[in-house]
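Top to bottom, those sequences are chains A and B.
Be aware that the first sequence starts at 1, since it is given in this note's numbering, and climbs by one per residue.
Be aware that the second sequence starts at 340, since it is given in this note's numbering, and climbs by one per residue.
Keep in mind that the hints were calculated from the coordinates and are not lab data.
Given the structure is predicted, the values throughout are model-derived calculations rather than measurements.
Even glycine gets a Cβ: it sits at the ideal position worked out from N, Cα and C.
Do not take every clue at face value.
What the hints assert, rightly or not - Listed next, the stretches of chain A that the computed footprint assigns to chain B, with coverage defined by at least 3 CB atoms under 8 Å from CB atoms of chain B:
{"#": "1", "stretch": "59-66"}
{"#": "2", "stretch": "320-333"}
Claimed, not checked - Once the Cα atoms are required to be at most 27 Å apart in a straight line, the calculated DSSO-like pairs of lysine-lysine come out as:
{"#": "3", "chain 1": "B", "residue 1": "Lys395", "chain 2": "A", "residue 2": "Lys38"}
{"#": "4", "chain 1": "A", "residue 1": "Lys109", "chain 2": "B", "residue 2": "Lys395"}
{"#": "5", "chain 1": "A", "residue 1": "Lys331", "chain 2": "A", "residue 2": "Lys38"}
{"#": "6", "chain 1": "A", "residue 1": "Lys251", "chain 2": "A", "residue 2": "Lys333"}
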Amino acid sequence: MSGLQVAWFIMVGFFIAGYAILDGFDLGVGFWHLFARKDSERRLVLNAIGPVWDGNEVWLLAIGGCLFASFPPVYATVFSGFYLAFMLVIFALIFRATAIVFRSEHPSKWWRSWWDGAFAFGSVIPSVFFGVALGNLLRGLPLDDAGNYTGTFADLLNPYSLLIGFTGFAMVATHGALYLVLKTEGGLADRARGWAQKMWVFYLVLFLIAGAVTLVAQPQLIVNYNSLPILWIIPALTLAAIVMLGVFNMKGEAMKAFYSSIFSIIGLISLSGSALFPNLVPSLDNPQLSLNIMNASSSPLTLKAMLVITLLGMPVVIVYTVWIYTAFGGKVKLDEAKY
Amino acid sequence: MDAVFLSRLQFALTIGFHYIFPPVTIGLSWLIVWIMTRYKDTGADLYRRLAAFWIKIFGLSFAVGVATGITMEFQFGTNWAGYSRFVGDIFGAPLAAEVILAFFLESSFLGVLILGGERLSVRVRWFASLMVAFGSTLSAFWIIAANSWMQTPAGYRVVSGRVELTDLRAAIFNPSTIPRLLHTVDGALVTGAFFMLGIGAWFILKGRNTDFGRESVRVALITGFVFSMLQLPLGHYHAVQVALTQPEKLAAVEGLFETQRRAPALVFGIPSSKDETVRAAIRIPGALSLLAFGSLDAEVKGLKDFPKDEWPPLFLTFYPFHLMVMLGMYFIGFTALGIFLLWRRKLYGNRFFLSLAVLSIPLPFIANELGWISAEVGRQPWVVYKVMRTADAVSSSVSAGQVLFSIIMFTMIYGLLFFAWIFLIFREIRMWMATEGDSAVKEVMS
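Model the full structure from these sequences, guided by the hints.
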């Protein structure tokens, strides 16, 4: 195990966290937009993510590109193995990207209803399926000795993975509602606070159930925690962040609630990563076949080149992303809205 | 129909559809930089309106490009797992670099450009337009570098069943990267120019917002002429590279079966791989030797010198190439005529030329697709030239039925998107044609 391989394990986690935090609220907003009451409210909800969703979605492509560059067999096994599930996610994301831009281009009711439906479908499917994918990775996949997935689409929808999928959905939906509280005013913001509160209950309960089920039924995920007990601080902090986001939201401290939500997402991804390490795609029945950072990584030269590119590129990305969020800060107003 | 064929069909369909959009958005992005520069420097209302209209059209096109680009980032994994495992050490890097160095940039600043109108200064939006144009062109560089490595692999060695990077610079700047980048980006500028030219001409023909139409036509015409002309040396440069590095492809493109000195260039012909001849051929003697290797006496390899199971499919390599060249010649002739009319101050009253400009909008799109088909089919039967066969690249855990399902879905979704895109662009144009200035547009949008 080399330092470069470990660095790339962490780097992939970094991109997954970036995606979950940033596009996470876009996906959540896409779900809640179904509950907006009038056309003007729907437009407020859409424009809350209007200037930033496109940049946020690029984090997903960054996960794909970096996984391909750093751990090609993982990229190959996961996306070919999850073929139908991933195709559904791609269709959903295509609908979402175009729905945001196309929806407001025509005033007729049928046009807007159609794209509203596409936007909601495009947001809900990925938020559930990304969690289902993570659940399957945590649980382990049936692999042959070439590293190919040998199960079926239906096998992916096992109870444990669905539990993780719904937890992920609750996480994203809570996160999106909290974002809406920050970006909207008046009655809509009040209702968004209520949405966050209701969804937070699901988030907390599902997190606790998923944790309990993992402890009981997935002992292989606890191995790292038992050998390095300090790791237990991660689930503890995650639980604290989830609790605090509800408390802050109840007290009306929207910004603190949103930051707690971000910490909870980082926590969930860190605790999953610590459970998997050094595996990336554990084999369900034969540990010899697992894809890990040693047997599935690119050559040291590629890992080094990509690390340099990433360490030079990402700080710049983060600087202009922060600048854009600042430039479009504050509440959305319909008179300057475009979508 | 097996999974290999279906996966190839799906890749062709999805990238063929995706490839409608990046060239036009790259071309338009630079024209928008010019508009924003004029607006920033003069503050004129004309440029404010031009920016509003063209950024809108750009945004609609970019959205479809982004949406269909998602498919491309993951399709190597979903359908070409064998390929991904074998070449990931080299091929993944430019894709990741594209995202980190270019795609973040263009996507992030697109929001600033489209939605910054009310909040941000003209100077900031001008900067955003520059970042979008720079980012989308840089994207093209990385994607073409990756694709060119499949054409002319370099900087690698094959170790224990996979390709390993030995020289990053050699892999990225492999022999075909620069010729193909210049040829493709130039094609993108021609595409953007014809798009703006045709739509601007339509405004003049309708007699609405004609100042707006004239400025679009003038700028687009000059751009279109310069870059159509530039395609002569750039296309030639690319062809010379193909001659040096992929002789089978050159032979297939030119329908050359026999190895010979003073090899002729085909003006017209119907090649047949079964009979191994070209029927109804019109040839320019010696021209191919001269063009490809700079000497009449240079020997050009014919297809018969290569094993027949390594021949590219002739039909889809030969015809698209020749059609593309004809379209390129048309672009030069058409824009040269336009420049002449502009110089004689007869352009804006010449309804024939303006109508032809409207009808010519799709032609560069078609030329882009044809060039891409010829380039990629000409690489077959290899997925990586002389290193890996396409048939070995496919995902073994994906069944033909699954691929068939996704092909049907992609066809339906992309068909829907295509019509929605055309519909919205027509609608936007009609709104701007409904009145002078942009008051009606503002009313409709509120």
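>> Of the numbered hints stated earlier in the document, which are not met by this structure?
In response: Every hint satisfied by this model.
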